[in-house]
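Participant: As you go down the protein sequences, you meet chains Z and C in turn.
Numbering of the first sequence is given in the numbering used here, commencing with residue 727 and proceeding in unit increments.
Numbering of the second sequence is given in the numbering used here, commencing with residue 1041 and proceeding in unit increments.
Because the hints were derived from the structure by calculation, they are not lab data.
Watch out, some of these pointers could steer you wrong.
In silico negatives: residues of chain C with every beta carbon more than 12 Å from chain Z [as the list claims (entries may be wrong)]:
#  : residue
1  : Ser1042
2  : Glu1043
3  : Val1045
4  : His1061
5  : Lys1064
6  : Glu1073
7  : Arg1079
8  : Glu1084
9  : Ala1100
10 : Ser1101
11 : Thr1103
12 : Pro1104
13 : Gly1177
14 : Pro1185
15 : Val1186
Which chain Z residues face chain C? A few, computed with CB under 8 Å, are given here [what the hints assert, rightly or not]:
#  : residue
16 : Pro865
17 : Val868
18 : Asp977
Okay, the calculated beta carbon distance ranges per label pair [said to hold, decoys possible]:
#  : chain 1 : residue 1 : chain 2 : residue 2 : range
19 : C       : Pro1055   : Z       : Ser826    : 42 to 50 Å
20 : Z       : Cys952    : C       : Ala1082   : 49 to 57 Å
21 : Z       : Gln922    : C       : Trp1098   : 47 to 55 Å
22 : C       : Gly1171   : Z       : Ser826    : 51 to 59 Å
23 : Z       : Cys952    : C       : Phe1176   : 54 to 62 Å
24 : C       : Trp1098   : Z       : Asp1004   : 36 to 44 Å
Owing to the predicted nature of the structure, the values given are computational and were not obtained by experimental measurement.
Every residue, glycine too, gets a C-beta built ideally from N, C-alpha and C.
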Amino acid sequence: MARNPIRDEIAIVGLGSTGFYRDSGGRSAKALACDASIRAIRDAGFEPGDIDGIVGAAEPGGPNPNEMSAALGLPQVTHFSSPMPVAVFALVDAMNAIFSGSCSTVLLYFAYTRLPWNSRSAAEDPFRRHHTLGVMPAPESVNAAAAYAAWASRYIHEYDARREDFGRVALNARAGAARNPLAVMKTPLSMEGYLQARMIREPLCLLDMDIPVDGADAFVLTRTECAREKTRNPVVVHAATTGLVGTNDEDQLPSLRRHGQHVVVESLRAKSDLWLEDMDIFFPYDGFSIITLGWIENFGWCPPGGAGRFLEEHWDPEAGCVMIDGRIPLNPHGGSLSEGATRGSGHIREAVMQLRGDAGERQVAGARNALIGCGGFFFNSQGAILRRL
Amino acid sequence: MSEDVDDAALIERFPYVRIDHDSKHFYRGWLDERLLFNRCDACERFHHPPKPVCPSCWCASLTPTEVSGRGVIHLAMFLHQGPPAPGVDYAMAAHPVVAVELEEQEGLRFTSTVIGCPREAIRIGLPVELGWVERFGAPFPVFRPVEGS
Ligand SMILES: [Zn+2]
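This is chain Z alone, in the form it adopts within the complex (with noise of 0.2 Å):
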């Protein structure tokens, strides 16, 4: 067992979001942030004095926390800061702000806006014209966003991978948001929707990357102890971790079965009393496809190279997506793919909700312990377990 002081000691006391949009209209990401902050200190119960920390993911476009602090007039702070995208580098950050003692209550946000190079109407927008990418890269680049579609062809080399693989992850997506009000992709899909969709990055498609949104989630946190003077019953982080491998230049990578996600398996098991047997709900991170199906395998729920099958064998054809042995959903929300692309902070917020029983008609009965796998392979890979006391 490796040492983990911090076990059960942060809760998430308040979450708000604000959904997520095609096209919110005229609100700016720093409005689409103050909304969900706005709506997540008051679902813990605070006030704006209560908050003496603010951390905000550094998505481009994004407010900083000093400007956040200045829309919402927070007396003062003790701890801001804006780790990179994405989720849980902010929330490793804001639980050990809290632990260490450098704040008390931290407002954790997360604001997403569709910007000019993702988004054909963004592109119209001139103030989101203000956004420049800088130096124009060249095509031939497997960095960023390209690297999943490069690993996902060395995916279907190595382990004679279909295209109904990949598909599954988005059917599944697609179910899971149907039944979600905040996600944006609602429109029923079928296998021979995904494979009849444009090829963007081949082998990737459309369906096979998440989808650009406006829209913000927000989150409260604070000691396990202050939380239990409010409920008896708070969500906590049983255990959070990041990994990182030192060959990490997205084509230098050593291979499919070293990378970053194994770091974060490795280091969140030896960090946890609970493991795959005790999960409620999976969070497979989905930015692309390609990651679902890494983090399924990496985390061991069956060999490398056996998501695909593994999706098939545990798909309930009624509900239309995967349940693990009949009863363990993964992204019941819709993820990335059809919720929208939040970077994880939708798989955060959603675990969130169910270990309170508040996920409606997603909602996993008696649900008590989550397992998220955030990010991809390279430089954000990143893992938490959360439950309820």
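Chain Z is already provided as a structure; the job is to place chain C with the ligand on it using the hints.
Facilitator: Frame of chain Z, contents of chain C with the ligand only:
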């Protein structure tokens, strides 16, 4: 020769690349149609992309060293849309992008496109070699199939 090209001029020759002090030798090599990878003077290992020290032994004495450009396709994707570039017409044909594992060292890879090859032949495992085309008036390294492969 590229030694005559000062840093400001080098940046102008490659408007689509973010060049810095760590990568300037690499791109100066392109002007001479040479693919130069950092090689450690102490442990003789190559690395890429260029870093300020050898990641294997922390030696800061690195020599940009020409590699053969021969290797095998390790990753292969086809862009149906993407950033604009001269000679790339996504509507005409999906643009191949490959990461090639070079024969000099296991795991040492370089990413570019493949020319002179039907789409069906571009697949993981194909032996390729280096060639040079022109982009924005400067040499640009690409791969082509090894003859007879
Ligand atoms: Zn060395």
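Participant: Now tell me if each hint is right for this structure.
Facilitator: Hints, verified against the model:
no.	hint	result
1	Ser1042	holds (19 Å)
2	Glu1043	holds (24 Å)
3	Val1045	holds (19 Å)
4	His1061	holds (16 Å)
5	Lys1064	holds (15 Å)
6	Glu1073	holds (16 Å)
7	Arg1079	holds (15 Å)
8	Glu1084	holds (18 Å)
9	Ala1100	holds (17 Å)
10	Ser1101	holds (20 Å)
11	Thr1103	holds (19 Å)
12	Pro1104	holds (17 Å)
13	Gly1177	holds (15 Å)
14	Pro1185	holds (17 Å)
15	Val1186	holds (19 Å)
16	Pro865	holds (4 Å)
17	Val868	holds (5 Å)
18	Asp977	holds (4 Å)
19	Pro1055(C) - Ser826(Z): 42 to 50 Å	holds (46 Å)
20	Cys952(Z) - Ala1082(C): 49 to 57 Å	holds (54 Å)
21	Gln922(Z) - Trp1098(C): 47 to 55 Å	holds (52 Å)
22	Gly1171(C) - Ser826(Z): 51 to 59 Å	holds (56 Å)
23	Cys952(Z) - Phe1176(C): 54 to 62 Å	holds (59 Å)
24	Trp1098(C) - Asp1004(Z): 36 to 44 Å	holds (42 Å)
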